[in-house]
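S.K.: Using the sequences and the hints, build the whole thing.
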Amino acid sequence: MSTTTSAATDFPRTGRAAPARRTRGHHRGAIAIFVVPFGILFSLFYLLPIGYAVYRSFQTVEREGTFGPATEVFGGLVQYEQVFASDAFWASIGRVLLFGAVQVPVMLGLALVFALLLDSPLIRGKKFYRLAFFAPYAVPGVIAAIMWGFLYSPSLSPFSVLTANVDLLGSGLVLWSIANVVTWVYAGYNMLIIYSALQSIPGEIYEAARIDGASQLRIAWSVKIPLVVPALVLTGVFSIIGTLQLLTEPQVFRTFTTSISSTFTPNLVVYTTSTVPNFNLAAAFSVVLALLTFVLSFVFLRLTQRKAFQ
Amino acid sequence: MSFLTRTAGYGPPAARQVRERPMSRLVAFVIIAAFSLYFLVPIWWLFVASTKSRGQFASSDGLWFADWHLWDNLTFLFTYDGGVYLRWLGNAVVYAGVGAVLGTLLASMCGYALAKYAFRGRDAVFNVILGGVLVPVTALALPLFLIFSAVDQTNTYWSVFLPSLVSPFGVYLARIYAAASVPAELLEAARLDGSGEVRTFFTLSVRLMAPALVTIFLFQFVTIWNNFFLPLVMLSNDKLYPVTLGLYAWNSQTNAVPELRTAVIVGAFVAIVPLILAFLGLQRFWRGGLAAGGVKA
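Protein sequence lines correspond, in order, to chains A and B.
FYI, in our numbering the residues of the first sequence are -14 to 295.
FYI, in our numbering the residues of the second sequence are 273 to 569.
Note that these hints are calculated values from the structure, not bench results.
Please read all numbers here as calculations on a predicted model, not as lab measurements.
From the three backbone atoms N, C-alpha and C, an ideal C-beta is built for every residue, glycine too.
Please note that a few of the clues may not be correct.
The calculated label-pair distances, taken between Cβ atoms and stated as ranges, are [as the list claims (entries may be wrong)]:
no.	chain 1	residue 1	chain 2	residue 2	range
1	B	483	A	211	24 to 30 Å
2	A	203	B	305	40 to 46 Å
3	A	247	B	342	34 to 40 Å
4	B	508	A	208	41 to 47 Å
Covered stretches of chain A, as calculated for chain B (at least 3 residues, CB under 8 Å) [unchecked claim]:
no.	region
5	17 to 30
6	37 to 50
7	131 to 143
8	195 to 208
9	244 to 258
10	266 to 278
M.R.: Okay, here's the thing in structure tokens:
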């Protein structure tokens, strides 16, 4: 992503460099008016909370005697020792990693197939399909989960032939029932990102392949897919982040089934710990989860960039 | 231009479509039609379910209409608990609508400055904001709660509204668009005409960036509308809930208060209709914005 830093600016590189050079050091007042309002809010509601969470994660509560007043003192890595000793937390991490290893490739694979089909000459009525596939993205996560909760329920579902015989909300399948909700909401959105990338490929690129008599499948595999790798990487990173942060769907499903524990996903662990309330430990969970998210998206970017651009 | 180069023997791509094998067309159609059902049937079910009485909801075919009870259900929805649902809708419009308008303005000013002016620390500022794109809103909910409780401001409108104004992704998009769509020569011309920088932004640059602004607005609107964790941890007074949290609260009570199930279903339907219409209507802008985000990233 760092490549955008220089690519996104447009200071003239031609002989017309003079005006740009003149702006250097000028317009300080205007720059301040443009940047400072966002800068203040970004500092207050992004940087400060992150810093404060890190600070709280190093605090611990100490009491004088059994009934003495509680005071917050610096506790070093006490909270982090608890984080690393928490089986529930690491089980939840394992659960979302398993979820992501299956759901993300399935969803992005579907999104890619949809985008390629809509980009091929094989389909008529593209506009309708594009809208139909994208519509679920307008459904907020809470509402999508409530809706599917009814659709999964043995007694209320219109597909009761299926749901009466297969317990989609039981502990064995509920993770994959959630995966279906997430796929339903986001597949069309990811399709649209990939489709937009396909549309920006100039048509002449396919001409040679067509003249050689390549089939649509062959063109898709050898020409189109390699060209939309950046879009796939982008959707991949956002999907990985979303998976690790899974909260809404399982939290809503807790009202439909008892098979989702209060520590089902890492964010549920954070939420449950904060309602105890044990904010210092919850902050430590948050920090570890944020670091894991960051490391995973970074590793993913590294791996895919190497594969894509060598 | 390209039609000039096409001759009868060569044939434009359109003429070649006919020659695709019928089998490929059939397979493509079956895949796309099946998934259209997958995406649309749940929404259809929700619509059908909101037209049914409580008794027929469980007893009739879920995918087709029974007796028409939509108006009764809507009356029930909007009058239950002193009309709190309308209040939740209003709250959601304030959080997401007003929040996204202000957030778009802030993000576009910042992204514009990062694209159009050279100043010390510019790259550092941009890289910090870009790092913010990778921080999911859910990761911030608990720390924000701790900050707001430190100043005793949890359970207020501000505690949900203010954090929602910040959109690092909006700054990132605004910077790309400003770089691509606001020519430096035009700004220089405005300067020679004696227009101040801030005035130039609001009268000239904003117009050139208009498609980008719509995209940023929609992105942020969806983000705020979908943000569940922040209101969940911040708010305990149900008068301040956005509609999603309100529906969640009602849904949690359906075991104790079964008639609430009707309100949840009709309420869910009423909450998504304006969104779906807005999305479909503004799709042009979306797609342009997505293309820029996907290609440049």
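S.K.: Each of the hints needs a verdict: does it hold here or not?
M.R.: Tested hints:
1. B/483 / A/211: 24 to 30 Å: Holds, since residue 483 of chain B and residue 211 of chain A (Cβ atoms, about 29 Å apart) stay within the stated range.
2. A/203 / B/305: 40 to 46 Å: Roughly 24 Å apart at Cβ, these two residues miss the hinted range, so it is violated.
3. A/247 / B/342: 34 to 40 Å: holds, 37 Å
4. B/508 / A/208: 41 to 47 Å: This hint is violated: roughly 56 Å between Cβ atoms.
5. 17 to 30: holds (count 10)
6. 37 to 50: holds (count 3)
7. 131 to 143: Contact hint for the region 131 to 143 of chain A vs chain B: holds, 10 residues under 8 Å.
8. 195 to 208: Check passed, 4 qualifying residues.
9. 244 to 258: holds (count 3)
10. 266 to 278: Since three or more residues must qualify, the claim that chain B covers the region 266 to 278 of chain A holds, with 6 doing so at under 8 Å.
In summary, the numbered hints that this structure violates are 2, 4.
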